[in-house]
Each structure stands twice: as structure tokens, then as C-alpha cells.
Amino acid sequence: MSGKIAVVGAGPSGCYLAQALLKAQPDLELDVIDALPVPYGLVRYGVAADHQGTKAVARQFARVFERQGARFFGNVAVGRDIALDELRDAYDVVVLAAGLAGDRRLGIPGDDLPCIHGAGTLTRALYEHPDAEALPAIGSRPLIVGNGNVAIDLLRLLAKAPDELDGTDLGPGPSDWLARSGIGEITIVGRSPAAQAKFDPVMIKELHKLGGVTIRVVGAGETDDPEGRKRLDALAAIDGHQSGPLLITFRFGLTPVAVEGSDGGAMVRFASSAGEETVECSSVLTAIGFRAAGDLPRDEMIAAAGEGGTGRLAPGLYAAGWFNRGPRGTIPENRADAQALADLILADLSARPAKPGRAVLERHAGVVDYEGWQRIDAAEIAAAAQGRCRAKISDRSELLRLAGDKEAGK
Amino acid sequence: MNITILYGTETGNAEMLAEDIQSELEAEHDVDCMNLSDIELDAFDPGRFYILVCSTYGDGELPASARPFAEKLSAEEPDLSAVRFAIFGMGDSEYEETFNFGPKSLSELMQARGAVQIGERVAHDASGSDMAEDLAFPWAEAVVAEASQVLGEVA
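Top line first, the protein sequences correspond to chains V and W. Just add 18 to wherever you are in the first sequence, counting from 1, and you've got our numbering. Just add 1476 to wherever you are in the second sequence, counting from 1, and you've got our numbering.
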């Protein structure tokens, strides 16, 4: 059985889905579309620069294009360059795996102050996403709000000395920004008690390797829950770690209620079981989840589908990964989800040979194909500076030029 | 020789390597490749050589697809004394305290049930500069050569 499937979004969920679909049905005509000229989404722009091992899944995704026969259509924004309806008309199945690009806001008075920065916005800038804003001034005492792995990644990056970034792909601009940041103190607060925090314990234990910090854990509390126990044990293992002057303080059970600007940055008012408390900081970095942002009306589509999150939005239209489930789950969880969704799609699939498929994409100007990405990839690896594994190109026009330059990398 | 490659995976990296080892050995051997989550304990065949490929996940834990197998080994305590296996590990030295704990504990579980390990347990480091297959292919050739002697003597 053949069929034409378009996967919108070349991040981990889209690539795992393509992998699972083609493993089950190798003769599918499967195209992976991305708004960026480069594939792999959060593997490239979200996974921390100092977690290169986690990025190794990209080798699997490369196989999807190199051996399993998927085609890459980069630099095509569905909803802008091509309408979703047009795509659905052309393919038997369209799967939306476009992720959640926006930062969830605090939703409290003052949450639009200029000293507040979302983790996604900041991460895109650190990891040189083509659409990133400039890296902001965050001052010497940033406050991180949030206790998930994204918050811990951000904390660790901000706390690292330049020599602790060897082997990463952090670019010269962001490396310089970090080196000059002058951060003396980072406080990280979570709304939940420590035992219910969302981070993985291994992410906390990793902080023990930081070479220039002093870590304090305040008010971690107690628990009877074995999973919670692991979190508390991890926190206990780093509490008191002293390898340098940058002071890291963990706080828990604090719900932000308002942010006010101040001379030095901001005052954040928190509610806790002990009453109200105000924390002064130079900037507020929020890592409290992500929301839809972009060219597709994601929330309306998910709400209209109802159906308990299976991923089926309408006949021939599905949602995968964070776009479907919301901003929860690690890379392997999205793999398991993608495999289940692939089964559902293939069970539903009835191919209509009259559908034109990728012809509607091929006539689009400026498409970057997989060979184009390979040229970018080779150029980035070849240009890696001392102590770096890659030199990412952030400028979209330069990415497009390299993708189209068949002499590059030869 | 008849070889079964069994993989324990969480992200799919160990599965990919297992399939690569299968392709590499297939020219000269009869090679199956399956997920550890799909093998029954009574399906182990003393006439086959088992190559395990296993990653580490989270805080030194076994990967998702190896966990049900490990639980069965512990619960049912099968006699695997006729089983000969080798094991290749995948880990990430970013997490140095628990580096390659997954394959280590899987190997220990197999040996506790009497299975005999052939060759050294080699570990790939995702944060290192080697490709997993560059380590795994020569290792696989070596353990297969060693196993063919051992299994040949048994037969």
C-alpha cells in the first residue's frame, strides 16, 4: 500500500513519526516540511549546547532522509507559504508536528515588563535560531521561575565558566555574552514543593560538576513518595556544593503573584504557605512551559478535535508531539507517542492515487532539500572553532545561500 | 553461526546500532535482530550466540525496552547457563557517575542467571568523538570469533 503523507515540522516528533511510518510502510511517499531551512527543530535549537550526547538522535533522523526515503522540504512555512488546506488537498495525510514555539507567560500583573524573558526566547538566542531576538541584558542577579528541565538547562548554562563550554556548539556571540554576563547570583524558584518539581533528578545531580558555584537548597521539605524522594536526594546531593563564588539558590513552594520594575531590575512578589515574600532580582527568566505561536491556529484545532488527544484532528489530519499533547515529555516520550500515532495513521490510511503530493511543494521557490541541509551541515562542522564541535550559521539568507551552493564543502 | 542481536533502547539509538551490527554481520552469519521487550525467556537457544546492545537512561537506569525483560529475569529466575552472550553499551559521559550503568546491570542480571559473557563489555560514549559503529563493528567481529570457538566446542 502506498500513500502520500506530509509531516509538518522536522523536529524530533516529526522525524520519529516519519521513521516509524516508513519502517512500517517503506513505500510511502513521505515528505517532512519545516519553516526553517534546517531540520531537527529542538534537537538543534532546544537541547542544551552542552548536552551534545542528547543530540545524537539526529543521526537516526538523518537516516530517515538518507536511507528510508523521506524527502525534506525546508524553508516552507505551512500557513504562510502554503495554506494548510492546499496541503491537505495534495496529500492523503497531513500531520502537524510543528511544536510550541511561544513561551507561556506568568499571567500576573507586570508580566510584560521588559526585564522578563521567556526561556524559549532566550534559548533561541543562545542557540542561534534564525528568528531569534538579540540576547538581552539580564544583569548580575537573574531569577529563574520554573523547575522543569528547561529551567535547569538554563541555570546550568548561565552558571558555566567559559572553559566548561568546551565541546559544545555554543557560538562566539552567545559564548561572549555568557563570559561577560557578570552573573554573581542566580535564584531559581518553583511553585511546587521540591518533591513534586518537574525536573529529572539526573539534571540536578549534573549541577554537582559545576566548577565555579556555591549551591544552596532552601526549604526542600520531606516526602513519602519514592519518586519525590529521588528529587529530594538529588537536591541534598548538591546542597552545599562549593566550587566557586557564583551563588545558586533553590527555592520551592513560591507562587508568583506580581512583578514590579525597580531601579536594579525587578521585584517579584510571591505567595507561599508562610505568607507573602518579595524577591529582588536583575531580571526574571521564565521557564514555565510553552504555547502555540506561529502560522497555524493550534489551540483552536486541538480544542475542536476533542477526542482525548489521540492525535486525530480531522479525516486525514493529525497532530503529533508537543503540538498535540502540550509542552510535556522528553525526546523518548515523543518517540513512543510517534510510534503509536504511526499505527493509528496507517490503520486509517486509504490512499488516493490522484492526489498530487509533493508537486505542490516542488513549485515553491526557495525550498531547501536534504542535500541543501547536508551542505549547511558540512560547512558548519568544517568551520568549528577551537573547543567547539560546530559553528552554527544563524543568518537565514546565509543558510539559504549555503544550501544552494553546490560547490560548498567540496 | 546463528546470532541474535537483542537491543534495549529508549531513544532508538541502540536500536539503530543493533540494526547496523546486523547488517555488518549478515554477510557471513545468520543474524536476527529484535527488541529485548519482544523476547520470551524460554526462547533462548543454546545453539545461538546473543549480542546485546543496551543504552543507559535517566539516572543510570535501564532503557524502557529493556526494563520488562530485566523484571522477568529477576522475577522468574530462569536457568540461562547454556546461553552465551556479549554486550555492547551506549552511554553519555556527561553523566559520569552512572556512565553505562544500564548495560552493566543487564550484564550482571544475565550472569546472575548463569549466562556466560563472552568478550569485554565495551561502552560507547555519546559525548565522545567516536561513532558507535566504529567501536561496535570490530568489537562484534572479535566477540563473534571468540563465540564461534566456544559454541563450536559445545556443539
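Incorrect hints may appear among the rest.
[Stated by the list, open to error] FRET-style restraints, in silico, Cβ to Cβ:
no.: 1; chain 1: V; residue 1: Pro180; chain 2: W; residue 2: Glu1573; range: 42 to 50 Å
no.: 2; chain 1: V; residue 1: Ala369; chain 2: W; residue 2: Ser1550; range: 43 to 51 Å
no.: 3; chain 1: W; residue 1: Glu1584; chain 2: V; residue 2: Ala402; range: 36 to 44 Å
no.: 4; chain 1: V; residue 1: Pro371; chain 2: W; residue 2: Glu1596; range: 48 to 56 Å
no.: 5; chain 1: W; residue 1: Glu1573; chain 2: V; residue 2: Pro244; range: 49 to 57 Å
no.: 6; chain 1: W; residue 1: Asp1514; chain 2: V; residue 2: Ala409; range: 57 to 65 Å
no.: 7; chain 1: V; residue 1: Thr241; chain 2: W; residue 2: Ser1550; range: 24 to 32 Å
no.: 8; chain 1: V; residue 1: Glu182; chain 2: W; residue 2: Ala1503; range: 39 to 47 Å
no.: 9; chain 1: V; residue 1: Gly191; chain 2: W; residue 2: Glu1572; range: 24 to 32 Å
no.: 10; chain 1: W; residue 1: Asp1514; chain 2: V; residue 2: Glu351; range: 28 to 36 Å
no.: 11; chain 1: V; residue 1: Pro371; chain 2: W; residue 2: Glu1584; range: 52 to 60 Å
no.: 12; chain 1: W; residue 1: Glu1572; chain 2: V; residue 2: Gly422; range: 23 to 31 Å
no.: 13; chain 1: W; residue 1: Glu1516; chain 2: V; residue 2: Thr273; range: 44 to 52 Å
[Said to hold, decoys possible] Listing some non-contacts, in silico: residues in chain V with all C-beta distances to chain W over 10 Å:
no.: 14; residue: Val75
no.: 15; residue: Lys216
no.: 16; residue: Pro219
no.: 17; residue: Ile349
no.: 18; residue: Pro350
no.: 19; residue: Lys424
Since the hints were made in silico from the structure, they are not lab data. Fair warning: this is a prediction, and the values are worked out from it, not measured in the lab. For glycine and all other residues, C-beta sits at the position ideal for the given N, C-alpha and C.
Exercise. Of the numbered hints stated previously, which ones are contradicted by the structure, given in increasing order?
Worked result: Per hint list: 1, 5, 6, 10, 12, 14, 16, 17 and 18 violated.
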